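**Q** Residue numbers (our numbering), protein chains in the order written: chain W, 1 to 261; chain F, 1 to 261; chain U, 1 to 261; chain P, 1 to 261.
Mixed in with the good hints there might be a few duds.
Heads up, the list lumps identical chains together, so a pair's fine if it works in one copy or across two of them.
[Unchecked claim] Pairs of lysine-lysine, DSS-like flavour, derived with a Cα cap of 27 Å:
#1 Lys-121 to Lys-150
#2 Lys-20 to Lys-207
#3 Lys-5 to Lys-166
#4 Lys-121 to Lys-5
#5 Lys-47 to Lys-5
#6 Lys-121 to Lys-166
#7 Lys-234 to Lys-207
#8 Lys-40 to Lys-78
#9 Lys-258 to Lys-234
#10 Lys-258 to Lys-150
#11 Lys-121 to Lys-30
#12 Lys-5 to Lys-213
#13 Lys-258 to Lys-40
#14 Lys-234 to Lys-121
#15 Lys-258 to Lys-20
#16 Lys-5 to Lys-150
#17 Lys-25 to Lys-258
#18 Lys-36 to Lys-121
#19 Lys-213 to Lys-234
If you're looking for bench data, these hints aren't it; they were derived computationally from the structure.
The model shown is predicted, which means the values in this text are computed figures rather than measured ones.
Protein chains: 4
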Amino acid sequence: MPSEKIREGTYILLYLNPRKTFLVKVEKDKEFHTHKGFIKLGELIGKSFGTKVLSSTGVEFTVLKPTIRDYIFKSLRKTQIIYPKDIALIILFSGIGPGSRVVEAGTGTGALTCALAYYVKPRGHVYSYEVRAELIETAQKNIERAGLAKYVTIRNRDVTAGIEEKNVDAVVLDMATPWLVVPHAYEALKPSGSFVSFSPTIEQVIKTVEALKTNGFVGIETFECLLRGMQVEKGRTRPHTLMTGHTGYLTFARKASKNER
Amino acid sequence: MPSEKIREGTYILLYLNPRKTFLVKVEKDKEFHTHKGFIKLGELIGKSFGTKVLSSTGVEFTVLKPTIRDYIFKSLRKTQIIYPKDIALIILFSGIGPGSRVVEAGTGTGALTCALAYYVKPRGHVYSYEVRAELIETAQKNIERAGLAKYVTIRNRDVTAGIEEKNVDAVVLDMATPWLVVPHAYEALKPSGSFVSFSPTIEQVIKTVEALKTNGFVGIETFECLLRGMQVEKGRTRPHTLMTGHTGYLTFARKASKNER
Amino acid sequence: MPSEKIREGTYILLYLNPRKTFLVKVEKDKEFHTHKGFIKLGELIGKSFGTKVLSSTGVEFTVLKPTIRDYIFKSLRKTQIIYPKDIALIILFSGIGPGSRVVEAGTGTGALTCALAYYVKPRGHVYSYEVRAELIETAQKNIERAGLAKYVTIRNRDVTAGIEEKNVDAVVLDMATPWLVVPHAYEALKPSGSFVSFSPTIEQVIKTVEALKTNGFVGIETFECLLRGMQVEKGRTRPHTLMTGHTGYLTFARKASKNER
Amino acid sequence: MPSEKIREGTYILLYLNPRKTFLVKVEKDKEFHTHKGFIKLGELIGKSFGTKVLSSTGVEFTVLKPTIRDYIFKSLRKTQIIYPKDIALIILFSGIGPGSRVVEAGTGTGALTCALAYYVKPRGHVYSYEVRAELIETAQKNIERAGLAKYVTIRNRDVTAGIEEKNVDAVVLDMATPWLVVPHAYEALKPSGSFVSFSPTIEQVIKTVEALKTNGFVGIETFECLLRGMQVEKGRTRPHTLMTGHTGYLTFARKASKNER
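Given these sequences and hints, build the entire structure.
**A** See the structure below:
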């Protein structure tokens with residue numbers, strides 16, 4: 001199996017160091033300018049991922065194939081995006097995986113949508129609700145850039161008014177009032193399906209957990225995830241000085257049946 | 001789409017509360033005994049997931065469909081297993097997803113193997129190395145129980161002696177001496193592919209990062225993930241008193257090409 | 001200056017390892033029994049602190065002079081005690097020090113009281129309110145054991161009904177309803193004086209901060225402190241597996257004058 | 001007891017909000033300029049601490065009496081200073097208190113020195129070693145400003161060459177090579193006395209702990225302290241987004257006698 005070649009139109013991650021990377025589309029006659037000189041993108045066509053290139057000022061960059069984490073971090077933004085660390089827990093703890101049918105709200109600029117789509121493919125699907133029409137174009141661009149458009153349906157609708165899909169595997173919420181969606185999530189989920197909500201404030205969590213308890217959910221758990229980067233160098237090893245102290249709380253629950261005994 | 005029925009031979013998660021759950025195989029004439037009475041498993045056949053049952057002493061359990069997280073937590077164990085929080089980061093941060101070809105070592109009792117297999121299906125594959133023959137049977141059982149056997153090949157071999165596969169998307173290590181595998185991982189990975197290592201001690205991390213730096217890897221990053229559970233109840237909301245203070249450090253890297261410019 | 005000798009009646013800390021220590025009063029004819037054999041306490045009389053002794057089964061213990069942290073950890077308990085890490089922040093962040101006059105509530109079993117008394121001596125004083133009469137005897141014992149009785153006045157009174165003292169340097173609360181004490185604390189404090197409250201739940205914090213904002217306090221800050229123990233051994237260095245995930249939130253504020261401009 | 005008045009020469013803390021405070025010396029004809037207008041300091045003379053003043057642009061400031069924490073945070077700096085959270089643990093966990101005789105190294109710009117002096121007064125003393133002569137003037141200024149000069153003796157000497165004092169209660173190190181001082185600390189300490197070291201990197205900790213184990217110390221413990229600030233506002237309560245992820249590790253130990261049994 002030969003290694004994958006870079007083509008016209010391919011997205012690449014230009015890597016300088018862990019804190020300086022650029023998600024760029026390869027075009028024949030384009031130069032990509034950085035604070036360390038420019039790179040002629042056309043010259044990359046036909047090379048393999050992993051190759052090293054020198055910028056116009058002689059600085060070495062590595063050409064990496066973007067991963068789903070890179071697409072998340074490099075999303076075009078109009079809103080705060082959810083962090084990869086939180087997305088990772090949302091997906092694994094809810095059991096979302098290849099083949100899952102997932103409802104998401106709100107779409108925002110599509111960072112979480114991309115991750116969900118990446119993990120449900122090739123046979124699953126993401127139905128993503130977003131009431132703010134002005135965000136959808138950016139979301140669509142981010143999803144297309146990651147090559148995931150065919151796994152996503154965006155609905156320009158207010159999810160607090162109801163969810164159209166039935167029998168879905170998971171409902172994932174990243175929105176201001178998740179508690180208003182809890183009854184709709186119950187209707188949309190298949191029995192035993194997963195509810196997930198991401199909320200920055202503790203008051204949102206308290207209201208959402210109350211709603212889950214009174215709407216037939218079990219297995220209700222709330223977590224926060226602290227990710228700590230380490231500087232690893234012989235004789236100078238230590239955690240980094242700055243860290244993100246808080247992004248949000250993650251609440252998980254499972255739908256129990258109401259009628260059967 | 002009708003909701004999924006419980007059959008003879010199905011694995012179910014009997015849920016009492018977030019801290020008391022049981023992974024059980026449904027068999028016609030079996031009773032499952034808990035400290036809250038027993039449950040006649042045969043009576044569940046034909047019911048839907050999500051259903052509630054009463055034990056012999058009248059305590060209510062919910063019958064959930066096990067998620068990949070449940071299979072990880074409930075792995076038959078002979079060794080310390082890696083935690084779901086760390087597995088979640090391993091998978092998302094390395095870009096492992098549907099279709100990925102992944103090398104793993106060591107298999108241990110197969111908890112991480114299950115998660116990798118779950119996310120690479122239906123067209124990817126996991127090649128899992130384990131030098132300790134006595135662990136393989138347990139690992140195989142855990143993988144079969146989760147219905148993932150066809151996505152996994154276990155190799156009873158010492159990964160520090162070399163990796164057979166070529167052009168894989170990721171190499172994932174959870175073993176005592178990951179630094180000895182770094183050159184083999186480089187050979188096995190496709191350019192731009194992901195290396196991941198999980199290690200409990202900082203000395204292991206220092207050695208592994210040194211090896212990555214001198215073997216053509218870029219994008220080297222080390223993290224630790226602290227997961228904090230919250231008690232959410234109106235008027236009594238607070239983080240739980242006890243938490244797991246440390247499981248291990250996660251080191252990620254990407255393969256850069258050596259020869260091209 | 002000769003080193004300090006152990007006498008009849010002295011309290012000592014028998015140290016086996018960081019997790020096994022015993023706070024013991026030296027008495028001439030007493031044996032102190034542990035799971036590693038017994039120690040004849042009378043034989044320690046006349047020796048210096050720091051000395052090593054063998055138990056009846058030949059296990060070595062070190063005889064340490066108890067520090068204020070040891071007195072806190074070894075408090076006779078009837079209630080949950082506040083942790084040394086939190087006490088340390090309470091004292092330094094509020095500026096409590098030698099000479100300070102401090103009001104505390106509730107006394108509980110006196111662990112925090114001891115620490116406050118230790119730091120305000122020799123010329124300061126702690127006025128400690130406790131409405132539950134049944135706790136006061138234990139508190140008194142803990143305070144006497146630490147040799148701090150003359151720096152403490154315990155008041156068997158409900159602090160939510162008012163504070164007798166005026167012009168104090170700090171008011172420190174570790175009780176269920178700190179927000180009810182905020183107006184009394186304002187009256188008792190000298191201008192610019194420090195208010196501190198320790199509360200396990202976030203709802204308590206929210207109510208207390210609201211009360212501080214509407215009662216003339218400035219510099220309102222809330223923190224939580226996570227203390228992580230490390231295992232340090234060449235080749236096996238790592239944070240400990242278990243840690244205390246939460247004790248409580250600490251809220252600090254300063255009294256601003258209401259009338260002057 | 002009348003409340004304390006502001007005089008010519010007094011240091012005050014001008015408080016705008018928890019993140020904007022200024023440590024200022026009151027002088028009759030001086031204006032203090034901020035981004036929110038200036039304040040005529042002379043007009044404060046004769047007023048009480050806690051009073052509110054308006055700047056030239058009508059913005060309200062509160063005049064607080066600086067606490068030891070304020071003096072630490074506002075130290076004139078030429079080097080990185082140690083954080084109040086770490087200082088608080090150093091002091092309480094080592095038992096340093098009123099009357100203690102303490103050796104410190106290095107002095108740096110005197111932030112930790114001030115805190116130690118504040119807590120050992122009125123009868124204790126701090127002997128502070130600093131080999132870099134160029135730092136001592138700044139340290140002296142910070143100590144004088146906090147009114148603590150008579151409790152501190154600065155020694156412009158290399159502490160790795162030996163400690164002059166004997167029978168001290170504690171040795172506190174914040175320097176690059178604490179392991180080189182361990183044997184000298186043993187000689188200087190009274191039996192049962194406390195050793196403390198603050199180090200940013202894990203390699204420093206490993207070397208120091210090794211030295212403590214082979215030099216007659218017991219009760220060796222290493223911690224790191226994570227302090228998390230909370231935003232507390234009804235409906236918007238959450239930890240702050242940014243936090244300091246690492247300052248340093250704290251290692252504590254107690255001197256055991258070598259000769260006695």
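**Q** State for each hint whether it applies.
**A** We went through each hint and held it up to the structure:
1. For a Cα distance limit of 27 Å, the shortest separation of Lys-121 from Lys-150 qualifies both inside one copy, at 9 Å, and across copies, at 18 Å.
2. For the homomeric pair Lys-20 and Lys-207, the shortest alpha-carbon distance between copies (25 Å) is at most 27 Å, but the shortest distance inside one copy (40 Å) is not.
3. Taking the shortest Cα distances, Lys-5 and Lys-166 sit within 27 Å of each other only across copies (17 Å), while inside one copy they are farther apart (41 Å).
4. Taking the closest pair of Cα atoms, Lys-121 and Lys-5 come within 27 Å of each other both inside a single copy (23 Å) and across two copies (24 Å).
5. Taking the shortest Cα distances, Lys-47 and Lys-5 sit within 27 Å of each other inside one copy (5 Å), while across copies they are farther apart (51 Å).
6. Within a single copy, Lys-121 and Lys-166 get their C-alpha atoms as close as 19 Å, and across copies as close as 24 Å, so both meet the 27 Å cut-off.
7. Taking the closest pair of Cα atoms, Lys-234 and Lys-207 come within 27 Å of each other only across two copies (9 Å); inside a single copy the shortest separation is 48 Å, beyond that limit.
8. When the C-alpha separation of Lys-40 and Lys-78 is checked against a cutoff of 27 Å, the pair qualifies neither within a copy, at 29 Å, nor between copies, at 45 Å.
9. Taking the shortest alpha-carbon separations for Lys-258 and Lys-234, only the inter-copy value of 24 Å comes in at or below 27 Å, while the best intra-copy value is 58 Å.
10. Taking the shortest alpha-carbon separations for Lys-258 and Lys-150, neither the intra-copy value of 35 Å nor the inter-copy value of 36 Å comes in at or below 27 Å.
11. Taking CA atoms no more than 27 Å apart as the test, Lys-121 paired with Lys-30 passes in neither setting, with 32 Å inside one copy and 38 Å between copies.
12. Taking the shortest alpha-carbon separations for Lys-5 and Lys-213, only the inter-copy value of 25 Å comes in at or below 27 Å, while the best intra-copy value is 52 Å.
13. Within a single copy, Lys-258 and Lys-40 get their C-alpha atoms only as close as 62 Å, which misses the 27 Å cut-off; across copies the closest is 20 Å, which meets it.
14. For the identical chains of this complex, Lys-234 and Lys-121 are neighbours neither inside a copy (42 Å) nor across copies (39 Å), given an alpha-carbon limit of 27 Å.
15. For a Cα distance limit of 27 Å, the shortest separation of Lys-258 from Lys-20 across copies, 21 Å, qualifies, whereas the shortest one inside one copy, 52 Å, does not.
16. In this assembly of identical chains, Lys-5 and Lys-150 lie within 27 Å of each other by CA distance solely inside one copy; the values are 23 Å within and 30 Å between copies.
17. Proximity of Lys-25 to Lys-258 under the C-alpha cut-off of 27 Å is restricted to the inter-copy arrangement: shortest distance 24 Å between copies versus 51 Å within a copy.
18. In this assembly of identical chains, Lys-36 and Lys-121 lie within 27 Å of each other by CA distance neither inside one copy nor across copies; the values are 38 Å within and 41 Å between.
19. Taking identical chains as interchangeable, the C-alpha atoms of Lys-213 and Lys-234 lie at most 27 Å apart only when they sit on different chains, with a minimum of 12 Å there against 51 Å within one chain.
Figure legend: structure checked against the earlier numbered hints; hints not met, in rising order: 8, 10, 11, 14 and 18.
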